[in-house]
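A.B. asks: What follows is each chain in one-letter form.
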Amino acid sequence: MNFTNFGRYILLLKAAFKRPEKWKIYMKAIFQQMEFIGVGSLGLISIISTFIGAVMTLQIAFQLVSDFIPKTIIGSVNRDSSILELSPTISAIVLAGKIGSAISSEIGTMRVTEQIDALEIMGINAPGYLILPKIIAGITMVPVLVIISMVLSITGGYLGGTLSGAVSAAEYIQGITTDFNPFTITVALVKAFVFGFIITSVPAYEGFYVKGGALEVAQASTRAVVVSCISILACDYIVTQLLL
Amino acid sequence: MIEIKDIHKSFGENEVLKGISGKFEPGITNLIIGGSGSGKTTLLKCMIGLHHPEQGSVAYDGRDFTQLNTEERIEIRKEIGMLFQGSALFDSMTVEENIMFPLNMFTEQSRSEKLDRVNFCLERVNLEGKNKLFPAELSGGMKKRVGIARAIAMNPKYLFCDEPNSGLDPKTSIVIDELIKEITEEYNTTTIVVTHDMNSVMGIGDYIMFLHQGKKFWEGSNKEIAKTDIEELNDFVFASRFMKAAKDKF
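In the order they appear, the protein sequences are chains A and B.
244 is the number that our numbering gives the last residue of the first sequence; the numbers go up by one with no jumps.
1250 is the number that our numbering gives the last residue of the second sequence; the numbers go up by one with no jumps.
No lab work stands behind these hints, which were simulated from the structure alone.
Please note: incorrect hints may appear among the correct ones.
[Said to hold, decoys possible] Okay, derived cross-link-like pairs now, EDC-like style, lysine to aspartate or glutamate, Cα gap no bigger than 20 Å in a straight line:
{"no.": "1", "chain 1": "A", "residue 1": "K18", "chain 2": "A", "residue 2": "E35"}
{"no.": "2", "chain 1": "B", "residue 1": "K1045", "chain 2": "A", "residue 2": "E120"}
{"no.": "3", "chain 1": "B", "residue 1": "K1130", "chain 2": "B", "residue 2": "E1079"}
{"no.": "4", "chain 1": "B", "residue 1": "K1157", "chain 2": "A", "residue 2": "D117"}
{"no.": "5", "chain 1": "A", "residue 1": "K22", "chain 2": "B", "residue 2": "D1206"}
{"no.": "6", "chain 1": "A", "residue 1": "K98", "chain 2": "B", "residue 2": "E1113"}
{"no.": "7", "chain 1": "B", "residue 1": "K1132", "chain 2": "B", "residue 2": "E1182"}
{"no.": "8", "chain 1": "B", "residue 1": "K1023", "chain 2": "B", "residue 2": "D1206"}
{"no.": "9", "chain 1": "A", "residue 1": "K18", "chain 2": "B", "residue 2": "E1075"}
Assemble the whole structure, with the sequences as input and the hints as a guide.
C.D. replies: Structure below.
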């Protein structure tokens, strides 16, 4: 994103955060988006998180070959990795692909078929009506998904470890309950909040300014996912640096 | 009434509109015609505020749209109905929800009152009972009619139509033209239709503004257009052999 695009992105956000014409209509749109982003992504996030947790356990067990390191470490490493990095970041990247491309395509198609012009002619603040509900749904539902992802990732680690025999149930549970720092949850939720904002606002920007037809909508969708993923990784580093 | 004065609009080095002025009266069908690239759609977009002219004014009953702030513009836009070239119906909404959308946004009517208005508008465009269909389930002509129904839902003072006949068969085009004319006369709206459909020109053109290379080249009615000897206008209007033969007989 060059400086011109960044300026337009900020101006679009400013327009999106103007006072809604009618809160009742916006609330309906917010709940629809929450269902789409939250409920609609639950299955995918659940599967990915469970498998990542299971694989993490196996890999940690594979690397911890020393008899001097207790196996309870497997649980605690899996817990901290899941909470701090894997659940927020992997979930966000997966959601950027699933939700980001959908948002960009939806708004881009509305642009090229003059539906956004129709909203503006009616006197409706198009950025507000189209983008604000998505951002609110993103910053509320992504943290919820990340919490679910954390739980499932740790549970997946338990299942993977015990089923393969890499770690016993007692050792794993002892590991995940030892030296737990609740602040890691705060860091993860701050990340999830920031990622939720990026996942919804960046694709909305890419879609909103599409010019052309189907090809340009597809290109905007691809660009939205790429820019969202890079932004997520950059913000991941910044948030981690600031909070830890 | 809508009055435009000395409208100039450029895109980069390309000056698309070169000082266009004119008056569009209520209760009659005003047509803006011209070849591709003549600037008619750009002029329409300048009038409704989707483009910002570099120079000139657009006055809606004396209110200069180009000088108003955002809130004042929104108030005028609530008085505008617009039929888009591709209908621009909201894909995710049914016919009923599309027409009800501006009512939901800007009125405090009860659901039954809004439903009555939706049914009235659908009846007006001969689409009774199509409430629950989605835009994807409609034909091109039906989409245009739903577009008209949505445009008139708020009882607009000003109705804009961008190429209302594009992609339609001749019979459906006539139905749409007649509908626009009837609504204009019935509600005394200031109606502006951008078209290059010659059937519309001859059929409903009470007032016609002909644009050529970004300038107003001619204005008059459909009765006068057949008698004109302006070469550029004749080349455009009577381009086909059939129209030339019709003009000779006229």
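A.B. asks: Evaluate each hint against the coordinates.
C.D. replies: Verification of the hints:
1. K18/A - E35/A: Cα-Cα ~24 Å, so violated.
2. K1045/B - E120/A: Distance ~12 Å between K1045/B and E120/A Cα, so the pair holds.
3. K1130/B - E1079/B: 26 Å, violated
4. K1157/B - D117/A: It holds: about 19 Å lies between the C-alpha atoms, which stays within 20 Å.
5. K22/A - D1206/B: 39 Å, violated
6. K98/A - E1113/B: Answer violated: K98/A to E1113/B is near 40 Å, above 20 Å.
7. K1132/B - E1182/B: 26 Å, violated
8. K1023/B - D1206/B: 13 Å, holds
9. K18/A - E1075/B: Measuring from Cα to Cα gives roughly 16 Å; hence the hint holds.
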